[in-house]
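Chemist: Taken in sequence, the protein lines are chains A and B.
Just so you know, the first sequence maps onto residues 1 to 698 in UniProt numbering.
Just so you know, the second sequence maps onto residues 1 to 222 in UniProt numbering.
Treat the hints with care, since some could be wrong.
Unchecked claim - Computed list of lysine-lysine pairs in DSBU-like fashion (alpha-carbon distance at most 35 Å, straight line):
1) Lys128/A - Lys24/B
2) Lys56/B - Lys128/A
3) Lys386/A - Lys128/A
4) Lys293/A - Lys125/B
5) Lys224/A - Lys56/B
6) Lys614/A - Lys56/B
7) Lys56/B - Lys386/A
8) Lys274/A - Lys56/B
9) Lys511/A - Lys56/B
10) Lys386/A - Lys367/A
Unchecked claim - Quick list of simulated restraints, FRET-style, between CB atoms:
11) Arg258/A - Ser105/B: 52 to 58 Å
12) Arg59/A - Glu21/B: 33 to 39 Å
13) Ala336/A - Ser105/B: 49 to 55 Å
14) Glu485/A - Glu21/B: 31 to 37 Å
15) Glu21/B - Arg236/A: 48 to 54 Å
16) Glu21/B - Asp116/A: 52 to 58 Å
17) Arg72/A - Arg173/B: 33 to 39 Å
18) Pro237/A - Arg150/B: 58 to 64 Å
19) Arg150/B - Asp510/A: 50 to 56 Å
20) Asn146/B - Val385/A: 24 to 30 Å
21) Ile77/A - Glu21/B: 40 to 46 Å
22) Arg258/A - Glu21/B: 47 to 53 Å
Bear in mind the hints are in silico, worked out from the structure with no lab data behind them.
Where a beta carbon is used, it is the ideal one built from N, C-alpha and C, also for glycine.
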Amino acid sequence: MTVKTLSARKNGTARAGAEAGTEPIPLRYGDDPYVWACWLYYEDHMTQGDIAEIMGISRATVNSYLADARARGIVNISLEPSRLSSLSIAQELKRHFGLHDCLVVPSDDNTRPLIDRLGGAAAQALAKLLKSGDTLAVAWGRTVLAIAEQASVPGLQDVTVVQATGGTAANFAYTPELCASVMAGAVNARLVNITAPAVVSTAEIRDMLLREPLIESQFDALGKANKALFGISSLRPNSTIHTSGFFESVSLQQYLARNAVGVVAGRFIDGQGKPVAGPLDDRIIGISLDMLKAINLRIAVAGGFDKVPAILAALRGGYVNVLITDAATGRGILNADGVTELDQKLSQRPKIDHRAALPSNFRTHIKKFLNDPNDVVEEMLDGVVKAHAGYIRPIKGSHRALVARTGPRPGKVGLVIGGGTGHEPCFLGYVGKGLADAVAVGNIFSSPPPGTIFQCANAASGGQGVLFVYGNYAGDVMNFDMAAEMAAEHNIEVRTVVTTDDIASSPIEDKEGRRGVAGNFFMFKTAGAACDRGLSLDACEAATRKANARTFTMGVALEPCSMPQTRRQNFEIGPDDIEIGMGIHGERGVIRDKMMSADEIADRVMDRIFSEMKAAPGDRVAVLVNSFGATPLMELYILFRRVEQRLSAKDIKIEANWVGHYCTSLDMVGASISVLHLDNELTELLHHPCDTAVLRIG
Amino acid sequence: MSDNAARRLSRMFYRISIAIEAGKDHLSDLDGAIGDADHGITMSLGFMAVNAELAKLNLDNTLPSEVFAVAASAFLDAVGASTGPLYASAFRRAAQALKKDECLSPADQAAIVEAMTTGIKERGKGQRGDKTMLDAWVPATEAAVNARARAAGGPEMWNSILEAAEAGANSTRSMVAARGRAARLGERSLGHMDPGAASAVIILRAMKDTFDEGEREKSGPR
């Protein structure tokens, strides 16, 4: 601080000398440059550049004056209380119901009707949420029409708007047809109407209509929706549901008698969000609750105190993952669900941030290609499933459990691999014919849960047992063991090979305690080939164990990796330091050393490998030089060059080699070297054909 | 009684979630020192999933044991990792313990802490001194059992539980890890508090606050 002020003064005098016109601090600011800078910025609305000019200091100094002024409490920035409270309510709703997002309109602004304000807020939200290529299912109602009328999202391409329910001849202004067509106009979308009535007289007529090719194609379009927009109606006497005449009142009474509390996209739900059966169910043409739940982004817009039970029910039922409501309703929903902490929180004064300002060129975050950091795994898997559709498909619709398209077959031992994400192309790139039959996918650097692994075992099982192969980490072992217990209950015999190729992770006396890293590649290849050749479960397990015992890996990290959620590096490493013995999770290595040449690094690794691998002249090996993510191929080849020199000097022949990204650690800079000491059996299995997204042999 | 036992537990999980969320970065930093820097994120994800699942329950006719059972599967399905099976086993054990007596008396509260510790121990096959979450949970359980034996009241019991857990977590600084990823660091794990023990203290503090609040409501002026 002192330093900054001093240098600022120096700057000031220097410039004052150069430019005679520079003013001294005007009397009214006392001798305080902070107050002067703040006044010019906040009261006179000048730019930082202009202020620098007037005060005769640099723009960076102005910037730091403004930041320091906030830290010292000279300037207090306060949010208008009603806006602050709506932000807090939105945050609590999001947390409490596990929503994807939530927007709460402040309650104090009573100049416009609530429906208009919700419509305006939702229209703005839509501009953020709707993207080119989307298919948006649009339900009907006053709120939905209010949104459509205020929406305007220019610049989108290939958007389709589908009417979510059949149409109606009813005499009101917000029919399904109108809601969908106004919305399509607002976002410049192709419009698909459902050209059948929303409610027909009998179930037979409904079934006949649904078989009509035209209506069938309209339902196909609806089935492709990835976003949905709908209101939530209560069943109170003055609600839209009653007044619109959309449903006959006799039927309504029957739904009420069965404890229906609300209507979502034309379907009745009870207080817990469960569907309520009733006389109209077989006569409605429109989106079903299951179809709705399968849609990725489900935007509900609803407000008003009478709707609290209905909205709560829709939230409990999981029909909504983006909620747009007003502050009073939002607070009502939280209170109705027993959340009372919020009121105490709202009465507390906001904290003042005392963190010192950082220079503007100081980086606190790593740049990454991200949308919502919380969606990173799901969005990646979305891409993977599309990119590699020829090799893998989701099991029961879940992208966390993927099975090979040509893999599992009766009479063959099934191979299940898996682990956390962040290691791509591990593990999902090794699924396909001749390799793994299924992969279980966890969160970043975290094991998948047992349920997911069990689904994989089930899908991979061909009646001859299932082999689990994964790296040795406490979390993976617990989850895979629980999954093996579940499989046993379903009469699937499971054997497990835990990979332990990282020779730096524990001394040789504790070989079983070592972790599994990039050498997994060889264990997967061996196991996949053994399974594909129709060997018994015993033989598959034995071959994989042999490959594990004869694979030696060591990694070296030059720079840490950064997690997508924090965009910060997950450990610190000095400017001249490297970590030897690095694992694949950004855990610290075992030894920290000074940066050295590529050959010296390769030698350090090869010396360790030779000390454990008892290879005689004439023996054959397979080599994998693997990038941790950010190290380019150029450097990998430099390492490989040295590895080859060291091996040939010992007259050890390289039977096969791979150089590239095979098991990464997000964006870590670094590489690992793996050597598999071959024998005849392992050589045969290594050359056995396989066809997967990242590895093709034969 | 407007505030039934299931509601109290649901609020307890809500408080845990908020407290974990607030400590998320700190926990991840601790983990970055000796693990893979995701402990805060994983714990926050798990408790958020628990909240979302509990929000779907009708708490007016839910038993406390069911709340723990739902929490167990929600937590496990959401995170996997190593904390998934450990805390899922903890909650499942707590659910079993509560089935004998669902009224959430101080003795039941002690039983919850004890059962959770048993679940973690069984699943992780660990023990005190391994530099894990058990270094907080085991002393917390001993304090709970002692308090129950001398028929201490709720607030007194929870004070001793939290004190023991904090002391236990602090003691992990001087331990060398024997389990989990940190185990492979050898002596380099010295000097750092175990993130699992740190989050255990956060959880126990939120439990204490919830049950203390119930106590105040009972004894406070009408």
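Chemist: State for each hint whether it applies.
Modeler: Now for the hints, and whether the structure bears them out:
no., hint, result
1, Lys128/A - Lys24/B, "holds (28 Å)"
2, Lys56/B - Lys128/A, "holds (28 Å)"
3, Lys386/A - Lys128/A, "holds (24 Å)"
4, Lys293/A - Lys125/B, "violated (40 Å)"
5, Lys224/A - Lys56/B, "holds (27 Å)"
6, Lys614/A - Lys56/B, "violated (60 Å)"
7, Lys56/B - Lys386/A, "holds (33 Å)"
8, Lys274/A - Lys56/B, "holds (10 Å)"
9, Lys511/A - Lys56/B, "violated (47 Å)"
10, Lys386/A - Lys367/A, "holds (25 Å)"
11, Arg258/A - Ser105/B: 52 to 58 Å, "violated (38 Å)"
12, Arg59/A - Glu21/B: 33 to 39 Å, "holds (38 Å)"
13, Ala336/A - Ser105/B: 49 to 55 Å, "violated (28 Å)"
14, Glu485/A - Glu21/B: 31 to 37 Å, "holds (32 Å)"
15, Glu21/B - Arg236/A: 48 to 54 Å, "violated (36 Å)"
16, Glu21/B - Asp116/A: 52 to 58 Å, "violated (35 Å)"
17, Arg72/A - Arg173/B: 33 to 39 Å, "holds (36 Å)"
18, Pro237/A - Arg150/B: 58 to 64 Å, "holds (60 Å)"
19, Arg150/B - Asp510/A: 50 to 56 Å, "violated (44 Å)"
20, Asn146/B - Val385/A: 24 to 30 Å, "violated (54 Å)"
21, Ile77/A - Glu21/B: 40 to 46 Å, "violated (24 Å)"
22, Arg258/A - Glu21/B: 47 to 53 Å, "violated (39 Å)"
Comparing the model with each earlier hint shows violations of hints 4, 6, 9, 11, 13, 15, 16, 19, 20, 21 and 22; every other hint is respected.
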